[in-house]
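Protein sequences, first through last, are from chains X and D.
Read in numbering that gives the first Met the number 0, the first sequence has 47 at position 48, and its numbers run on one by one without any break.
Read in numbering that gives the first Met the number 0, the second sequence has 37 at position 38, and its numbers run on one by one without any break.
No false leads were mixed into what you were given.
If you anchor each label on the Cβ, the simulated ranges turn out as follows: (1) X:N34 x D:D378: 55 to 61 angstroms; (2) X:I92 x D:P349: 56 to 62 angstroms; (3) D:G258 x X:R47: 31 to 37 angstroms; (4) X:R47 x D:S107: 20 to 26 angstroms; (5) X:N34 x D:G303: 56 to 62 angstroms; (6) X:S7 x D:T97: 22 to 28 angstroms; (7) X:A53 x D:A206: 38 to 44 angstroms; (8) X:Q46 x D:V205: 53 to 59 angstroms; (9) D:V185 x X:S7: 16 to 22 angstroms; (10) X:Q90 x D:N202: 52 to 58 angstroms; (11) D:H298 x X:N34: 51 to 57 angstroms; (12) X:E100 x D:H298: 28 to 34 angstroms; (13) D:A312 x X:E100: 39 to 45 angstroms; (14) D:V185 x X:Q90: 28 to 34 angstroms.
Not the full set, but computed from the structure, chain X residues with beta-carbon under 10 angstroms of chain D: (15) L1; (16) S23; (17) G24; (18) A27; (19) Q43; (20) T65; (21) T73; (22) E100; (23) G102; (24) I109.
Far from chain D, some chain X residues (derived; all Cβ distances over 12 angstroms): (25) V9; (26) T12; (27) H16; (28) Q46; (29) R47; (30) L48; (31) G50; (32) G51; (33) E54; (34) R83; (35) Q86; (36) S87; (37) N88; (38) R89; (39) L113.
FYI, nobody ran anything at the bench for these hints, they're computed from the structure.
None of the values given here were measured: they were computed from a predicted structure.
Note that the Cβ used here is the ideal one computed from N, Cα and C, for glycine as well.
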Amino acid sequence: MLIRLRDSYVTATGPIHLDVTIGSGQKAYVEVSINGTPVDSGSQIVQRLLGGGAELAGKRLRVTSTVTDTNPNTNNTAVTYVLRGGQSNRQWISAHDVDVEGGTVDYDAIFVML
Amino acid sequence: MMPRARVVNAAAILLFTGALKVSAQADTEKPSTTTLDNLKTPASPAFELLGVSPTAIARPATPRALATDLLSKSARGTVLPNNYALEFAPYWLAPRRTLTFEEYVAPSPSQSARQSFSVSFATSRPDTVSDTSSTRVALGIRVVPLAGHASARFRQLLASLDSIQRTRIPVIQKQADALDALDAIVTRRAVHDAALAAATAKNDAVAIAAANEAIRVDKDEADKARATEREAQATLKAKADSQRVLATAMGEADAERRGHFLSVAGGVSGVFPAGRVDGSRLGRIGVWGTYSYRMESPHLDVIGLLRFLRDVADANQNALETGARLLWMHNNLGISGEWVHRNAFTVGAPTSTTTGTQRTLTFASSNRAVGIAEYRAADALYVTMSFGQEFKQLGVDRRPLVAILGLQLLYGDKPAVKLPTKS
Numbered sequence: 000m001l002i003r004l005r006d007s008y009v010t011a012t013g014p015i016h017l018d019v020t021i022g023s024g025q026k027a028y029v030e031v032s033i034n035g036t037p038v039d040s041g042s043q044i045v046q047r048l049l050g051g052g053a054e055l056a057g058k059r060l061r062v063t064s065t066v067t068d069t070n071p072n073t074n075n076t077a078v079t080y081v082l083r084g085g086q087s088n089r090q091w092i093s094a095h096d097v098d099v100e101g102g103t104v105d106y107d108a109i110f111v112m113l
Numbered sequence: 000m001m002p003r004a005r006v007v008n009a010a011a012i013l014l015f016t017g018a019l020k021v022s023a024q025a026d027t028e029k030p031s032t033t034t035l036d037n038l039k040t041p042a043s044p045a046f047e048l049l050g051v052s053p054t055a056i057a058r059p060a061t062p063r064a065l066a067t068d069l070l071s072k073s074a075r076g077t078v079l080p081n082n083y084a085l086e087f088a089p090y091w092l093a094p095r096r097t098l099t100f101e102e103y104v105a106p107s108p109s110q111s112a113r114q115s116f117s118v119s120f121a122t123s124r125p126d127t128v129s130d131t132s133s134t135r136v137a138l139g140i141r142v143v144p145l146a147g148h149a150s151a152r153f154r155q156l157l158a159s160l161d162s163i164q165r166t167r168i169p170v171i172q173k174q175a176d177a178l179d180a181l182d183a184i185v186t187r188r189a190v191h192d193a194a195l196a197a198a199t200a201k202n203d204a205v206a207i208a209a210a211n212e213a214i215r216v217d218k219d220e221a222d223k224a225r226a227t228e229r230e231a232q233a234t235l236k237a238k239a240d241s242q243r244v245l246a247t248a249m250g251e252a253d254a255e256r257r258g259h260f261l262s263v264a265g266g267v268s269g270v271f272p273a274g275r276v277d278g279s280r281l282g283r284i285g286v287w288g289t290y291s292y293r294m295e296s297p298h299l300d301v302i303g304l305l306r307f308l309r310d311v312a313d314a315n316q317n318a319l320e321t322g323a324r325l326l327w328m329h330n331n332l333g334i335s336g337e338w339v340h341r342n343a344f345t346v347g348a349p350t351s352t353t354t355g356t357q358r359t360l361t362f363a364s365s366n367r368a369v370g371i372a373e374y375r376a377a378d379a380l381y382v383t384m385s386f387g388q389e390f391k392q393l394g395v396d397r398r399p400l401v402a403i404l405g406l407q408l409l410y411g412d413k414p415a416v417k418l419p420t421k422s
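Work out the full structure, taking the sequences as your base and the hints as a guide.
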């Protein structure tokens, strides 16, 4: 199962930070790339500095995550994206329940930086 | 003790030594059967207090499912459901979108308590035909503030899963790009169709040809995108199958956690004559506590337990018991020593005095100390030897001797009963 999120984010002059949180205690791997170049990866992304607003404007921020249901207490998987430092702070949440125990859900988010 | 195969116990042959003669003499008094395992904190205190092992347990995963189940089983809250068992973990009824994997697998004591807190509820009426028989109801809670840490095997499986997850990323992006391309083609198709309709209305042959060409190019692109998407999906599916196997193995390995463990439970039961609140009375109260420490190498387990039981109707059940066990395991050999101290008590009838109503409390204490050696001779064959002293029995000065040599034969490769899955 692939969940896609496509949106834009209006930058400002200050630095832009990204948080990606994988919820429900599930095991995940996240990769962050800007215009196709990976800039960070891990089980979650905490306060990642992406660059200055002017520098990022016009670029494409991509966050690709894969979440496996390793938590026997819930079948829920969720990815929360938070962008800070632009004209306003914004949060997006994508969630999906796996159909089978140990199932995997993939998430792909693309934010066009304006 | 030694890990058991997930099979039915086929046969147990117990050979009693001559020392059992002492026990046989006291057989007229039924010996206490409390062992260390009896004192362990139960997973479902309500079921333990009622002494039931329900085969159908409602385990709602959402507040709506919980409410629906309760309302349907109780005729919209008007009657007590009969022979009903419910168990749920309040923490997991709501989505936990900020709970990370690390916080869940290596929780702080407060987080561990939150995520392990469970409520059990059960009702039981032995005579289901008569409406006048009493319904027994029990409510229990359980919490695990200390849950140890992941075993080495769990960490190995985690590394393997992480490795596969990394390889998914470029394939996911390929699939997502193909789907984006298909979406764009669908959007463009409306524009091409409108252009074709306008050109046809004007009978503009050049514009018609251009619109048809654009539609043809998009169709070719769509075919390519679909093929790419199918290929990526097949690759991801194959990887997902491997991930599922690892996730299942991680679940099993999570049961082999190491370190400090603490679980606490409590419950209360009541008796409702004819299923009505009028004339209801207290049944049993139970409190359990289990602390253990498990080392990976050498494989050493230390466990301490406490159980308090108060039964209003049956004074023989009243007891405050404590126990401890030390277990050492090496290859196929397990050696353990366990000790249980039992403080049985009875609560006297209320008597009126000048200072008010009083009750007398009478205690009788006794110990059980047993050493156990267990050896796995083959995959399905265990040899067990126990030696020690049983609890002192009423009217007998000497304490019974425990001396048992046993053979345990297991058979079957797979569980006979399918394990329940999450709802």
